[in-house]
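Novice: Sequence:
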Amino acid sequence: FRVISLILICIGAGSFVAGLFLDRVAAWSAYLVTNYYFFSLSRGGIFFYVIQSITRSGWSSAFRRVPEAMMAYMPFAAVFFLLLYFGTADIYRWSVPETVAGDALLQKRSVFMNVPFFYARVAFCFVLWIIFIRILRKLSLREDSLDPADHNGIMALFGKSELYSKIFIFILVITFSLSAFDLIMSIDVHWYSTIFAFKNLIAAFLHGVSVMILIIFILHRRGYFSFLNKYHLHDFARYLFMLSILWGYFWFAQFMLIWYGNIPEETVYYYLRWQEGWKVMFFLEIGLNWAVPFMLLLPVKTSRNMTVITIVIAFLIIGQYIDLFVQVIPGTTGILKFGLVEAGLFLGYAGLFALVVATALSKARITGPNHPFLEESLKHKF
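Using my numbering, the letters of the sequence shown correspond one by one to residues 8 to 389.
These aren't lab readings, by the way, just hints derived from the structure by calculation.
Careful, some of the hints might be misleading.
Within a straight-line C-alpha distance of at most 20 angstroms, the following computed PhoX-like cross-link-like pairs (lysine-lysine) qualify [what the hints assert, rightly or not]:
hint: 1; residue 1: Lys344; residue 2: Lys286
hint: 2; residue 1: Lys286; residue 2: Lys145
hint: 3; residue 1: Lys388; residue 2: Lys308
hint: 4; residue 1: Lys167; residue 2: Lys145
hint: 5; residue 1: Lys173; residue 2: Lys145
hint: 6; residue 1: Lys237; residue 2: Lys145
hint: 7; residue 1: Lys237; residue 2: Lys386
hint: 8; residue 1: Lys344; residue 2: Lys237
Okay, the calculated beta carbon distance ranges per label pair [as the list claims (entries may be wrong)]:
hint: 9; residue 1: Phe119; residue 2: Phe234; range: 47 to 53 angstroms
hint: 10; residue 1: Thr62; residue 2: Leu112; range: 42 to 48 angstroms
hint: 11; residue 1: Leu264; residue 2: Phe177; range: 23 to 29 angstroms
hint: 12; residue 1: Ala20; residue 2: Phe119; range: 31 to 37 angstroms
hint: 13; residue 1: Ala321; residue 2: Ile181; range: 50 to 56 angstroms
hint: 14; residue 1: Pro271; residue 2: Lys237; range: 32 to 38 angstroms
hint: 15; residue 1: Leu343; residue 2: His227; range: 17 to 23 angstroms
hint: 16; residue 1: Pro271; residue 2: Phe234; range: 53 to 59 angstroms
hint: 17; residue 1: Leu279; residue 2: Arg9; range: 41 to 47 angstroms
All residues carry an ideal CB built from backbone N, CA and C; glycine is no exception.
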């Protein structure tokens with residue numbers, strides 16, 4: 008597994024270097040899309056973890072080591088986003104002095120939209136996220152080391168984890184919104200949407216949970232999580248069903264309000280994505296991320312079927328990439344193309360993400376033995 012992951016990482020690195028020689032703008036655009044994609048998966052794992060802690064959800068407590076492992080990718084995402092500095096001028100028009108000099112609106116926004124402050128904000132967000140991730144991970148591992156009979160000690164650690172999760176979720180929502188505005192929305196420099204951050208937040212949550220479930224299924228087939236039953240499957244399916252509907256709501260709300268308002272400063276975003284092949288990609292977003300999960304997971308029978316849920320996850324994995332591709336590429340190259348560079352980068356990041364998650368999983372017990380709700384999770388039924 009490690010060898011395969013390293014080979015994929017080398018393919019990704021080689022594809023990116025080759026892309027820089029062929030077309031710098033296209034290479035950096037694909038770099039941003041792919042890094043943001045796997046960064047979103049890590050954030051989705053964080054959202055699931057803190058929400059389950061805050062709500063004291065018992066059914067999922069036996070699986071919490073999987074979202075913990077997904078969180079471990081965050082420092083790598085931070086490094087890759089800081090490396091984006093070398094391609095800033097290729098992606099963000101507001102970073103080019105000549106462009107700013109000829110644009111009155113950009114001159115007004117330059118106090119906020121300038122390269123040093125941009126990367127200072129990115130670094131600040133990542134530092135906060137990594138600090139809280141390490142705190143939560145440390146509390147989880149400390150729980151394992153306690154005597155199972157030490158109920159007070161276990162509950163004290165669980166209470167701390169719940170408290171930090173409550174603080175973290177507010178920080179996460181605010182900083183996530185800021186990072187979505189900076190990293191993605193600022194590409195279309197004259198355009199803005201107040202719904203954009205919420206849509207991206209739910210997208211990260213939805214697709215992070217989908218990959219988390221896929222990892223759980225893979226581990227189950229390899230002999231782990233033998234207690235996984237139809238009720239767990241049903242709850243996982245309901246999570247995907249709920250989040251896909253919420254994502255679809257924000258997708259439609261943003262599109263409908265801008266289309267109905269018909270204000271040139273706002274419609275320019277969708278005008279670019281309404282041309283030739285982009286229109287097909289645009290509707291594939293809603294089809295893969297909402298229509299497919301809605302239709303396949305609505306019946307109780309299919310929502311308790313691992314194969315059906317896996318098929319839905321496969322569509323969501325593709326759908327998230329298309330969603331980000333449509334958000335980024337029309338504002339950079341404007342060319343609808345998915346070639347070897349894009350495919351190689353995706354494989355490289357996938358290899359790194361898989362390696363990081365597998366390494367994190369190997370460093371602790373796959374199921375925390377002292378979690379106060381573990382028994383409820385093992386015998387989950389409704």
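Novice: Now look at each hint and say whether the structure bears it out.
Specialist: The hints, checked one at a time:
1. Lys344 - Lys286: holds (14 angstroms)
2. Lys286 - Lys145: Given pair Lys286, Lys145 is violated - Cα atoms ~47 angstroms apart, limit 20 angstroms.
3. Lys388 - Lys308: Roughly 16 angstroms separates the two Cα atoms, so the pair holds.
4. Lys167 - Lys145: holds (11 angstroms)
5. Lys173 - Lys145: Measuring from Cα to Cα gives roughly 17 angstroms; hence the hint holds.
6. Lys237 - Lys145: violated (32 angstroms)
7. Lys237 - Lys386: Measuring from Cα to Cα gives roughly 11 angstroms; hence the hint holds.
8. Lys344 - Lys237: Violated, at roughly 41 angstroms.
9. Phe119 - Phe234: 47 to 53 angstroms: holds (51 angstroms)
10. Thr62 - Leu112: 42 to 48 angstroms: At roughly 43 angstroms between Cβ atoms, Leu112 and Thr62 fall inside 42 to 48 angstroms, so the hint holds.
11. Leu264 - Phe177: 23 to 29 angstroms: Once the Cβ atoms are compared, 26 angstroms apart, the range 23 to 29 angstroms for Phe177 and Leu264 holds.
12. Ala20 - Phe119: 31 to 37 angstroms: holds (33 angstroms)
13. Ala321 - Ile181: 50 to 56 angstroms: violated (33 angstroms)
14. Pro271 - Lys237: 32 to 38 angstroms: violated (53 angstroms)
15. Leu343 - His227: 17 to 23 angstroms: The hint (17 to 23 angstroms, Cβ to Cβ) is violated, given that Leu343 and His227 are roughly 38 angstroms apart.
16. Pro271 - Phe234: 53 to 59 angstroms: holds (57 angstroms)
17. Leu279 - Arg9: 41 to 47 angstroms: Taking Cβ atoms as reference, Leu279 and Arg9 lie about 42 angstroms apart, which means the hint holds.
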